[in-house]
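Top line first, the protein sequences correspond to chains A and B.
Counting from 1 along the first sequence, just add 25 to a position and that's the residue number in our numbering.
Counting from 1 along the second sequence, just add 25 to a position and that's the residue number in our numbering.
For the record, the hints were derived by calculation from the structure and aren't laboratory data.
These numbers were taken from a predicted model, which means no experiment stands behind them.
A couple of the hints might just be wrong.
[Unchecked claim] Keeping only pairs whose Cα atoms sit at most 25 Å apart, straight-line, the calculated DMTMM-like set for lysine to aspartate or glutamate is:
no., chain 1, residue 1, chain 2, residue 2
1, B, LYS444, B, ASP397
2, B, LYS279, B, GLU212
3, B, LYS428, A, ASP72
4, B, LYS303, A, GLU445
5, B, LYS303, A, GLU347
6, B, LYS389, B, GLU425
7, B, LYS193, B, GLU239
8, B, LYS428, A, GLU425
9, A, LYS40, A, GLU425
10, A, LYS389, B, GLU445
11, A, LYS389, B, ASP100
12, B, LYS40, A, GLU41
13, B, LYS444, A, GLU41
14, B, LYS428, A, ASP388
15, A, LYS193, A, GLU120
16, B, LYS389, A, ASP100
17, B, LYS444, A, GLU120
18, A, LYS40, B, GLU99
19, B, LYS444, B, GLU425
20, A, LYS389, B, GLU212
21, A, LYS303, B, GLU445
22, B, LYS444, A, ASP372
23, A, LYS428, B, GLU101
24, A, LYS428, B, ASP397
25, B, LYS303, A, GLU425
26, A, LYS193, A, GLU156
27, A, LYS303, B, GLU120
28, A, LYS303, B, ASP262
29, A, LYS193, A, GLU183
30, A, LYS444, B, GLU308
31, B, LYS28, B, GLU425
32, B, LYS389, A, GLU445
33, A, LYS428, B, ASP72
34, A, LYS389, B, GLU190
35, A, LYS193, A, GLU41
36, A, LYS389, B, GLU41
37, A, LYS40, B, GLU445
38, A, LYS40, B, GLU308
39, B, LYS303, A, ASP348
40, B, LYS28, B, GLU212
Protein chains: 2
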Amino acid sequence: MGKLLLKSVSTIDGKEVDILVTGNRISRISEHNAQEADRMGADRILDCRGKVAVPGFINMHTHTAMTMMRGVCEDEYLQNWLNIVWAIESRLSDEIIYWGTKLAILEMFKTGTTCFLDMYWRVPAAVRASEEMGIRAFHTYNFLDNFDAETIARQQRECIALFEESKKWPERVKMGVSVHSDYTVSEENLVWAKNFARENGLVYTSHLAETAAETHEDEVKFGMTPAQHFDKLGLLDERTILAHGVWLTPSDVKMLGERGVTVVHNINSNLKLSSGYKFKYCELRDAGVNVCLGTDGAASSNNLDMREAMKTMSLVQKAWREDPTVLPLCRLMEVATSNGARALGIDAGCIEEGSLADIALVDKRSEAFVPDFNFLGNFIFSANSSCFDTLIVDGNVVMENRKVAGEDEILENANRLLKETIKK
Amino acid sequence: MGKLLLKSVSTIDGKEVDILVTGNRISRISEHNAQEADRMGADRILDCRGKVAVPGFINMHTHTAMTMMRGVCEDEYLQNWLNIVWAIESRLSDEIIYWGTKLAILEMFKTGTTCFLDMYWRVPAAVRASEEMGIRAFHTYNFLDNFDAETIARQQRECIALFEESKKWPERVKMGVSVHSDYTVSEENLVWAKNFARENGLVYTSHLAETAAETHEDEVKFGMTPAQHFDKLGLLDERTILAHGVWLTPSDVKMLGERGVTVVHNINSNLKLSSGYKFKYCELRDAGVNVCLGTDGAASSNNLDMREAMKTMSLVQKAWREDPTVLPLCRLMEVATSNGARALGIDAGCIEEGSLADIALVDKRSEAFVPDFNFLGNFIFSANSSCFDTLIVDGNVVMENRKVAGEDEILENANRLLKETIKK
Numbered sequence: 026m027g028k029l030l031l032k033s034v035s036t037i038d039g040k041e042v043d044i045l046v047t048g049n050r051i052s053r054i055s056e057h058n059a060q061e062a063d064r065m066g067a068d069r070i071l072d073c074r075g076k077v078a079v080p081g082f083i084n085m086h087t088h089t090a091m092t093m094m095r096g097v098c099e100d101e102y103l104q105n106w107l108n109i110v111w112a113i114e115s116r117l118s119d120e121i122i123y124w125g126t127k128l129a130i131l132e133m134f135k136t137g138t139t140c141f142l143d144m145y146w147r148v149p150a151a152v153r154a155s156e157e158m159g160i161r162a163f164h165t166y167n168f169l170d171n172f173d174a175e176t177i178a179r180q181q182r183e184c185i186a187l188f189e190e191s192k193k194w195p196e197r198v199k200m201g202v203s204v205h206s207d208y209t210v211s212e213e214n215l216v217w218a219k220n221f222a223r224e225n226g227l228v229y230t231s232h233l234a235e236t237a238a239e240t241h242e243d244e245v246k247f248g249m250t251p252a253q254h255f256d257k258l259g260l261l262d263e264r265t266i267l268a269h270g271v272w273l274t275p276s277d278v279k280m281l282g283e284r285g286v287t288v289v290h291n292i293n294s295n296l297k298l299s300s301g302y303k304f305k306y307c308e309l310r311d312a313g314v315n316v317c318l319g320t321d322g323a324a325s326s327n328n329l330d331m332r333e334a335m336k337t338m339s340l341v342q343k344a345w346r347e348d349p350t351v352l353p354l355c356r357l358m359e360v361a362t363s364n365g366a367r368a369l370g371i372d373a374g375c376i377e378e379g380s381l382a383d384i385a386l387v388d389k390r391s392e393a394f395v396p397d398f399n400f401l402g403n404f405i406f407s408a409n410s411s412c413f414d415t416l417i418v419d420g421n422v423v424m425e426n427r428k429v430a431g432e433d434e435i436l437e438n439a440n441r442l443l444k445e446t447i448k449k
Numbered sequence: 026m027g028k029l030l031l032k033s034v035s036t037i038d039g040k041e042v043d044i045l046v047t048g049n050r051i052s053r054i055s056e057h058n059a060q061e062a063d064r065m066g067a068d069r070i071l072d073c074r075g076k077v078a079v080p081g082f083i084n085m086h087t088h089t090a091m092t093m094m095r096g097v098c099e100d101e102y103l104q105n106w107l108n109i110v111w112a113i114e115s116r117l118s119d120e121i122i123y124w125g126t127k128l129a130i131l132e133m134f135k136t137g138t139t140c141f142l143d144m145y146w147r148v149p150a151a152v153r154a155s156e157e158m159g160i161r162a163f164h165t166y167n168f169l170d171n172f173d174a175e176t177i178a179r180q181q182r183e184c185i186a187l188f189e190e191s192k193k194w195p196e197r198v199k200m201g202v203s204v205h206s207d208y209t210v211s212e213e214n215l216v217w218a219k220n221f222a223r224e225n226g227l228v229y230t231s232h233l234a235e236t237a238a239e240t241h242e243d244e245v246k247f248g249m250t251p252a253q254h255f256d257k258l259g260l261l262d263e264r265t266i267l268a269h270g271v272w273l274t275p276s277d278v279k280m281l282g283e284r285g286v287t288v289v290h291n292i293n294s295n296l297k298l299s300s301g302y303k304f305k306y307c308e309l310r311d312a313g314v315n316v317c318l319g320t321d322g323a324a325s326s327n328n329l330d331m332r333e334a335m336k337t338m339s340l341v342q343k344a345w346r347e348d349p350t351v352l353p354l355c356r357l358m359e360v361a362t363s364n365g366a367r368a369l370g371i372d373a374g375c376i377e378e379g380s381l382a383d384i385a386l387v388d389k390r391s392e393a394f395v396p397d398f399n400f401l402g403n404f405i406f407s408a409n410s411s412c413f414d415t416l417i418v419d420g421n422v423v424m425e426n427r428k429v430a431g432e433d434e435i436l437e438n439a440n441r442l443l444k445e446t447i448k449k
């Protein structure tokens, strides 16, 4: 197994250490010692002076290839936005998904993300992009049947077929199951998909309580909230990941805590589409819910920048709660890293011996990190995401000096496809 | 006069033009023509292919040298924050102000700002920094007398002396007058300062209606809102710039519009300190108020990044108003550029023949600008501020390829002073 040494790297709390990566895991973290470092037998040594090692971000909700539609529709109501997006989606091809996913992963690398949970179409094309780029990824088969009997059955067959195919994927890329929502998916498939996920040890994810309208519709249709509807169908457990949850009621929050689910906050998307901003972070955390962070797709919230999303989440929590002390910086980091790893069942999201080696190196040599009173304060509130210098996923260096292999080809192909297909 | 040619540069709406700068003004903008460009007799030609010219930002409210205190206190209530900041401020020297201002200007350049309105102490030291760095700046003499008779008289003398000194400043650096607020400055000096500003053609700026507590105090003390108090004292006109205005009442808004004042929104600071977020952008604009944008000081809101502040302002407006159509992208740009120029009475904030040459060049060659559906959407919502490649202030190139002259020395000195003085 290859050995990679991060020599003389700073930790978040200011220690200078050497981090040895053996294969795809962190095998040793020790106080920096130049002589000892030389004796570790590393195949490759990165001189990390002036850089801080932080866990790579885990983006817990996105529609990756939608990056290809970034900016198609600005400053519009959700319904107008959807009409434009749906018209484009009717023209999607495997090629667009492949290059769109690569474009998105390129952006994730540049902004410090090492793992993501995807909900989108044409999964094999997206998987090929993740395989080639070297990111850690959970690609989900997505149910959206609009209550149509034929679609219900076809989607079950497709999900099973994808699962068979997924056995050939590399360890780093995993399959999950997603249902779009309970207003677009039949109860039959909401349940079938969860059972399939349970039987095969897969994560299960859905949108839930994103808008007031959706929540109101469930109350009219089912006489209960979306969360209660999911609970009644037996869909909620530690492997269930619910995106948004802006409109959860206090009793929803309590119940979700008891079920041990994960809720993913997508602050930029919720703000931009005016979906709602009073996300109940404190209540969810106190109830025992695992709160994570996502960016949503770049067609709605424009980028996949998790560092920026952390900042916005913190600012908006402080504002609407009228309390600047909520969500201290170290908790905020957990929301964007280790909480995601917990939901996905992977040993990532923190930098310790035995963990998967998913590490971002932050370059402190810029005005954004001066003065150096508080690294996390500077990192989250002062810097922008050009501070990421190097990224390691699964023990491999996927970005160095902000360069990602093949990035020019990705930009070129994305631009070409745009002209040919999307911008019609 | 020197001639600088920006050759083959894109405009915001996608045209390819040549921009000729003669002295400190834009003398000609014409459709790109390689042969004609060669005949313009420029002393210096910048090849701008792949770059977009945008007006440099005008940061309408900041306490520049406070950048030296960035990160001293995170996630705290205003009162705790103030106690820490005041303890540090008691140890400030001209040297700290000088290097703190330089550090701040370095950050402004890197994030596309070409002009700022400052409210801080030890003005000559700050002015020296602005002079040397080449930024356009309005440095204000700041009144804060705590109702003490001796201080009231001393500040008047100091203000007059500074005005005499300011006659030696370069054209690009101007003096203004600021009053901290009506809860820290005597009515005598609120009025004296405004009269002094009027007599000498200077801008006049103050904090106003930043917090609910401040607004409530005025109601108890004066039986009116802070805005009404300012109006009663005759302080409001087209040359009055009020920072914050989060807690203005509907009748305040109407009256401020009638007086033609400028109100500066400081969204990141207001969010971070939980001061309030329901800034009445639409009402103020409709009433005829000139709405601008500021970052406040970096000790409270951590950076001076106007592009980021535009994004946050847009997102929060869309969210709390429950309307994604408010504040279209082109209006947002005006808030951050030309509206500031109007308040300051300078021919800047837009790129047209005759304007001051305060121009930022944005490099579109990155994943953040792919696909290229909507330049302003990508610039404001997708990119981060590392997209600024080149900056021109007053006809001079102050940043090229993201390099600013003397930046290493600034970071080094700021770090040294920090260790010696601030971090005690």
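Which numbered hints fail: 1, 4, 7, 12, 17, 19, 20, 21, 22, 23, 25, 27, 28, 30, 34, 35, 36, 38, 40
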